[in-house]
Amino acid sequence: MGRNFSAAALVLFAPLVGAENQINMSPGVTEIGVSIFELHMLIMWICVAIGVLVFGAMFYSIYAHRKSKGHQASQFHESTKVEVAWTVVPFLILIAMAFPATSTLLDVYDNDDSELDILITGYQWKWKYEYLDASGETVSFFSNLATSQEEIYNTREKGENYLLEVDEPLVIPTHTKVRFLITANDVIHSWWVPEIAVKRDAIPGFINEAWTRVPQEGIYRGQCTELCGAYHGFMPVEVHAVSRDEFDRWMAAKRGVAAAQNALAMQTLSVDELMDQGQRVYAAACLACHGAGGEGGVGKAIAGSPIVLGDIATHMAVVANGVPGSAMQAFGAQLSAVEMAAVLTYQRNAFGNNTGDVVQPGDVTGTKNG
Amino acid sequence: MGDHHHGPAKGISRWLFTTNHKDIGTMYLWFSFAMFLLGGFFAMVIRAELFQPGMQLIEPGFFNQMTTLHGLIMVFGAIMPSFVGLANWLIPMMIGAPDMALPRMNNWSFWILPPAFLMLASTLFMEGGAPAFGWTFYAPLSTTYAAPSVTFFIFAIHILGVSSIMGSINIIATVMNMRAPGMTYMKMPLFVWTWLITAFLLVAVMPVLAGAVTMMLMDIHFGTSFFSAAGGGDPVLFQHIFWFFGHPEVYIIILPAFGVVSQIIPAFSRKPLFGYASMVYATASIAFLSFIVWAHHMYTVGMPVAGELFFMYATMLIAVPTGVKVFNWITTMWRGALSFETPMLFCIGFLVLFTLGGFTGLMLSIAPADFQYHDTYFVVAHFHYVMVAGAVFSMTAAIYYWLPKWCGRMYNESMGKTHFWISFIGFNITFFPQHFVGLAGMPRRIPDYALQFADFNMMSSIGAFIYGASQLLFLFNVIATIVAGKRVSEEKVWDGAEGLEWTVATPAPYHTFEEPPAVPRPAGTI
Ligand code: HEM
Ligand SMILES: [Cu+2]
Ligand SMILES: [Cu+2]
Chain Z
0 MGRNFSAAAL VLFAPLVGAE NQINMSPGVT EIGVSIFELH MLIMWICVAI
50 GVLVFGAMFY SIYAHRKSKG HQASQFHEST KVEVAWTVVP FLILIAMAFP
100 ATSTLLDVYD NDDSELDILI TGYQWKWKYE YLDASGETVS FFSNLATSQE
150 EIYNTREKGE NYLLEVDEPL VIPTHTKVRF LITANDVIHS WWVPEIAVKR
200 DAIPGFINEA WTRVPQEGIY RGQCTELCGA YHGFMPVEVH AVSRDEFDRW
250 MAAKRGVAAA QNALAMQTLS VDELMDQGQR VYAAACLACH GAGGEGGVGK
300 AIAGSPIVLG DIATHMAVVA NGVPGSAMQA FGAQLSAVEM AAVLTYQRNA
350 FGNNTGDVVQ PGDVTGTKNG
Chain R
0 MGDHHHGPAK GISRWLFTTN HKDIGTMYLW FSFAMFLLGG FFAMVIRAEL
50 FQPGMQLIEP GFFNQMTTLH GLIMVFGAIM PSFVGLANWL IPMMIGAPDM
100 ALPRMNNWSF WILPPAFLML ASTLFMEGGA PAFGWTFYAP LSTTYAAPSV
150 TFFIFAIHIL GVSSIMGSIN IIATVMNMRA PGMTYMKMPL FVWTWLITAF
200 LLVAVMPVLA GAVTMMLMDI HFGTSFFSAA GGGDPVLFQH IFWFFGHPEV
250 YIIILPAFGV VSQIIPAFSR KPLFGYASMV YATASIAFLS FIVWAHHMYT
300 VGMPVAGELF FMYATMLIAV PTGVKVFNWI TTMWRGALSF ETPMLFCIGF
350 LVLFTLGGFT GLMLSIAPAD FQYHDTYFVV AHFHYVMVAG AVFSMTAAIY
400 YWLPKWCGRM YNESMGKTHF WISFIGFNIT FFPQHFVGLA GMPRRIPDYA
450 LQFADFNMMS SIGAFIYGAS QLLFLFNVIA TIVAGKRVSE EKVWDGAEGL
500 EWTVATPAPY HTFEEPPAVP RPAGTI
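Order-wise, the sequence lines are chains Z and R. Residue numbers for the first sequence follow numbering that gives the first Met the number 0, beginning at 0 and rising by one. Residue numbers for the second sequence follow numbering that gives the first Met the number 0, beginning at 0 and rising by one.
Heads up, a few of these hints could be off.
[As the list claims (entries may be wrong)] In silico lysine-lysine, BS3-like type, Cα no more than 25 Å apart, as pairs:
#1 R:Lys186 to Z:Lys80
#2 Z:Lys253 to Z:Lys127
#3 R:Lys416 to Z:Lys68
#4 R:Lys9 to Z:Lys66
#5 R:Lys485 to R:Lys416
#6 R:Lys491 to R:Lys186
#7 Z:Lys66 to R:Lys416
#8 R:Lys491 to Z:Lys66
[As the list claims (entries may be wrong)] Pulled from the structure, derived: some chain Z residues nowhere near chain R, Cβ distances all over 10 Å:
#9 Ile61
#10 Glu208
#11 Gly221
#12 Glu225
#13 Ala257
#14 Thr267
#15 Cys288
#16 Gly296
#17 Asn352
Hints listed in this document are in silico derivations from the structure and should not be mistaken for laboratory results. Quick reminder that beta carbons are idealized off the backbone N, C-alpha and C, glycines included.
In isolation and in its complexed conformation, chain Z is listed as follows (with noise of 0.2 Å):
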């Protein structure tokens, strides 16, 4: 009974025990972060110190000029030399503090020499990466929240990074200068990273450049900072600076799966394979909308849609080219041919849709690789 309500006492209090309250900017890992940092004190100092000097006068003012106590007001209304001195003298300061500030920004904006190149598109509501290299043999995948429903929902216990944490993280090597290109694929986001100092904006048709070079390896959070719509608050960044060794490493069996995928792509697959991986699928990038059971809830059911049992053609039109202005997405971009081939087979298979139709890798169009 003890323990019992120790642990009630646990998770309700868990905000309040298990955090410690951050009051400042963190400095971050990197040169740019810390250079930021030191440039924020320095303002904020700045400010504490005009701020005591005006407030102490004020206050003074208050305690000792009081009407209660007997004091007389003066009637002096203006006086040029301190008029000058108040406007000549913060000014003086503003110059003070440009300096740093240029020089700050300008490192900010050096993106030059990088050694590596990231392609970073913004969806609603997940990132997508993808590892631009000379060879043309690009890596890419999306990058999802990983927080369960039930945690948001308050059934589960919240996990020590809710929110903050995704299915694939994004892979970086340190002591690289890592180029970000920065877009997106529908509305305006923003990628966000406190700790490596890197803020920029993802715009629809429009490439942002950024840059990193993280010393330190570690796991590192941010979240998506420009509203782009109701699940804004959805979609986290988790990035992962790993060694070169370890990186290189990561980078092959990525390849590998990709290649993978492309061979099967050449294949005719059996039912039971589609529809095991279309399960997958469909669990990962339906499930939200359209139910465990396909019976539909912020999407239209699927056990039983005419667009699913009828032509196969229209189907796929629907998943790659997605349903404009509802929240039906273009899966195209988002799904390889295999994936593409599978979940359609899923759909027109499970749910009690049995169609019997089969759908190969190699029927596809209108994805990303088919």
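Position chain R with the ligands relative to chain Z; hints supplied.
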């Protein structure tokens, strides 16, 4: 025509057809207070959802509708009309004019507002819900990706733009043409000066806002692509246009507040305003600078570095005239004979908290640092310090200060002071911790947040409920004053008050200054 000079018409037609500046001022003030309560209610919904991590009360989509409507209603429905109401009541009385220059237009500029806001609020009940793209309505979230109700939103913005432009033209015409003989520009009370400059800002930027929403309308319904890269347009263009309006807009909100404070602090210091002329010049230079700093809201959109530098330097410059104002107010208090009635308390609250907001503004102006601050709760804290503790506190001070003149009854002083202290404390509990969570990395406009932000958010919510509740006390005090306050009849309700409005009878008669008054030379003016 015979009874024209004796008083208002009876019944509802008095209000519908009135051309009297005092009636219209009263209507503006009540309307804006109603909007303040509505926008405040939406804020309470937001803070209730943010009380704890996790989604409890509302859905994320609806949360965005709440933040959007809260911002739009507070800016366009509460703060702006309240200062227009104050201008209506006070400008003619301060410059010795019988009424506003264009009284019929005055009636229209008020009466088109309620339908506009009714329409805006009704979008909550439309299919797809109310606008959910933030009060800054960035395209393409507000065009291609918006709910159908966006068309009504655009129409509402047009109407209130028209209202603002009419109101400003009226103020400009009144101040330029209707001053009593001897009331030269450099003798005008600062409230009149700040409003004159504000009116020019409004006339300059409201058409820009109208242009922005019209381009949205074209993109949504007529196949243009102003803001869509796919058709050769540019989503960032929207932000440039919006902030070319938006930054002057924040000064439209604060300049009249500066004017109010410049009237009230001298009255309770029993000492003329320090540096009258430099106040006028500072106001004018703030107004000028406000046109060339807009892109400080867009440091992260990927401007060329030269652009960033220009906007950074220009923004830092604004701190100079703003500082001059603060120094002048404090020097006005210096060696005065201070007393601390409710209006003065709110002005001192304004001084302290607005200055804090100015400091964070200065921090935000530093472009590289803004990369870390932008779109976090740090910005939310900044603009609530300048808009709530700035504009709303000064408006509250103004109501307490002039209410006795308007209705010939004194408000309850201890209730007023209680209102101040609860507001002051509640406000700071709400917004001070937002600096912390912002710096620690909490983005704005999110319905749910990571666990490390939980404590400060809970604190913020508690503060918000306190601040919200204190406004009901204010409402009660105002109504109690009008209905049953202690009568006052001396013309100068406050012993330190200066200006023509304090030379007319108390309560102010329905018609004042039908004969132009002789203008005394107020101490402190040149
Ligand atoms: C010393 C004077 C001021 C300076 C230097 C200043 C600077 C700034 C800067 C740089 C931002 C952009 C921050 C960001 O989004 O990252 C900002 C935001 C803002 N400021 Fe100020 N500010 C000043 C005074 C004011 C005043 C007087 C008001 C209004 C009464 C105001 C209202 C706002 C608002 C509403 C925003 C946020 C807009 C939004 O994104 O929703 N500021 N300020
Ligand atoms: Cu977002
Ligand atoms: Cu601004």
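Structure-based check of each hint:
Proximity of Lys186 of chain R to Lys80 of chain Z is assessed by CA-CA distance (about 22 Å); at most 25 Å being required, the pair is judged to hold. With a C-alpha separation of about 15 Å, the suggested pairing of Lys253 of chain Z with Lys127 of chain Z holds against the 25 Å cut-off. Using a Cα cut-off of 25 Å, the hinted pair Lys416 of chain R and Lys68 of chain Z holds, with the two alpha carbons roughly 20 Å apart. A distance of roughly 45 Å separates the Cα atoms of Lys9 of chain R and Lys66 of chain Z; the hinted pair therefore is violated under the 25 Å criterion.
Note on Lys485 of chain R and Lys416 of chain R: the hinted pairing holds, with a Cα-Cα distance of about 17 Å set against a maximum of 25 Å. Distance check on the hinted pair: Lys491 of chain R and Lys186 of chain R sit about 19 Å apart at the alpha-carbon level, within 25 Å; holds. Restraint check for Lys66 of chain Z and Lys416 of chain R: the C-alpha separation of about 18 Å stays at or below 25 Å, so the hint holds. Between Lys491 of chain R and Lys66 of chain Z the alpha-carbon distance is near 18 Å, which keeps this suggested pair within the 25 Å criterion.
Not every C-beta of chain R lies more than 10 Å from that of Ile61 of chain Z, the closest at about 6 Å, which undercuts listing it as non-interface. Not every beta carbon of chain R lies more than 10 Å from that of Glu208 of chain Z, the smallest distance being close to 7 Å; the non-interface claim is violated. Listed as outside the interface, Gly221 of chain Z is inconsistent with that label: its C-beta sits roughly 7 Å from the nearest C-beta of chain R, within the 10 Å cut-off. A beta-carbon of chain R is positioned within 10 Å of the beta-carbon of Glu225 of chain Z; the least distance is around 6 Å.
At roughly 29 Å, the least C-beta separation between Ala257 of chain Z and chain R is larger than 10 Å, which holds for a residue marked as non-interface. Residue placement check: Thr267 of chain Z keeps its beta carbon more than 10 Å from all beta carbons of chain R (closest about 37 Å). Residue-level check passed: Cys288 of chain Z sits 13 Å from the nearest beta carbon of chain R, beyond 10 Å. Against the 10 Å criterion, Gly296 of chain Z stays outside the reach of chain R, whose nearest CB is about 13 Å from its own CB.
Even its closest Cβ contact with chain R, about 30 Å, leaves Asn352 of chain Z beyond 10 Å, as expected for a residue assigned away from the interface.
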